[in-house]
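As they're listed, the protein sequences go chains L and D.
Under my numbering, the residue at position 46 of the first sequence is numbered 46, and the numbers go up by one with no gaps.
To get my numbering, take the position in the second sequence, counting from 1, and add 119.
No incorrect hints appear here.
Computed cross-link-like contacts, EDC-like style, restricted to lysine to aspartate or glutamate with a CA-CA straight-line distance of at most 16 Å:
hint: 1; chain 1: D; residue 1: K155; chain 2: D; residue 2: D177
hint: 2; chain 1: D; residue 1: K189; chain 2: D; residue 2: E124
hint: 3; chain 1: D; residue 1: K186; chain 2: D; residue 2: D173
hint: 4; chain 1: D; residue 1: K155; chain 2: L; residue 2: E107
hint: 5; chain 1: L; residue 1: K78; chain 2: L; residue 2: D24
hint: 6; chain 1: D; residue 1: K221; chain 2: L; residue 2: E44
Some residues of chain D that are not near chain L, with every Cβ distance over 10 Å (derived):
hint: 7; residue: E133
hint: 8; residue: V138
hint: 9; residue: Q178
hint: 10; residue: L183
hint: 11; residue: K187
hint: 12; residue: D188
Hints are computed from structural coordinates only; laboratory data are not their basis.
Using N, Cα and C, we set each Cβ at its ideal position, and we do this for glycine too.
Residue strings, one per chain:
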Amino acid sequence: GAGVSQTPSNKVTEKGKYVELRCDPISGHTALYWYRQSLGQGPEFLIYFQGTGAADDSGLPNDRFFAVRPEGSVSTLKIQRTERGDSAVYLCASSFGQAGGRRSYNEQFFGPGTRLTVL
Amino acid sequence: GEDVEQSLFLSVREGDSSVINCTYTDSSSTYLYWYKQEPGAGLQLLTYIFSNMDMKQDQRLTVLLNKKDKHLSLRIADTQTGDSAIYFCAQRGGADGLTFGKGTHLIIQP
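Sequences are here, hints too, so could you generate the full structure?
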């Protein structure tokens, strides 16, 4: 597709359940980012992939959160034992990343997000 | 740590200029960005500025950067109803992930 797509658009789950959120980046973009946006807040960085590897996972809040990108394209954010505080919009973005060079402004293109509600 | 601060609301009359302000803390920032978020839509990059620049103009948008005070502003000339949105300031430091402010809600009065 033309832009970043995310599925599902909405996910309602119960406390303690496991969820997976999917991101399809723009074709050719080597970098992929996950952010979390809570109500009334700006997006908060979670993890960044360059290719298949997680180049920076310093934003993951705890070990219940995990993300993979096995073939360097689609990524899945996995949340175990969900808690009510995990409720937020999870945003994915992609860019040319390091391929654009460190002096490149490296525009990140954002998807529409997945709204996760934990009851 | 990295932090980005913005005022939460700005109300302007249609046709006036809007000035949205932001302060940041990371002196190693290479790029600073302004993103726009409309209801039901994804984040859209409006403009950006490299940290060695003082000003950047792009049609109705003017970005001013005061690196000494770590202050960034976005001026929207001739504000229209379609400019109503949340505007986020973001910085890119040593890593590639962005640090965003909480966003400024721009409210347009007729």
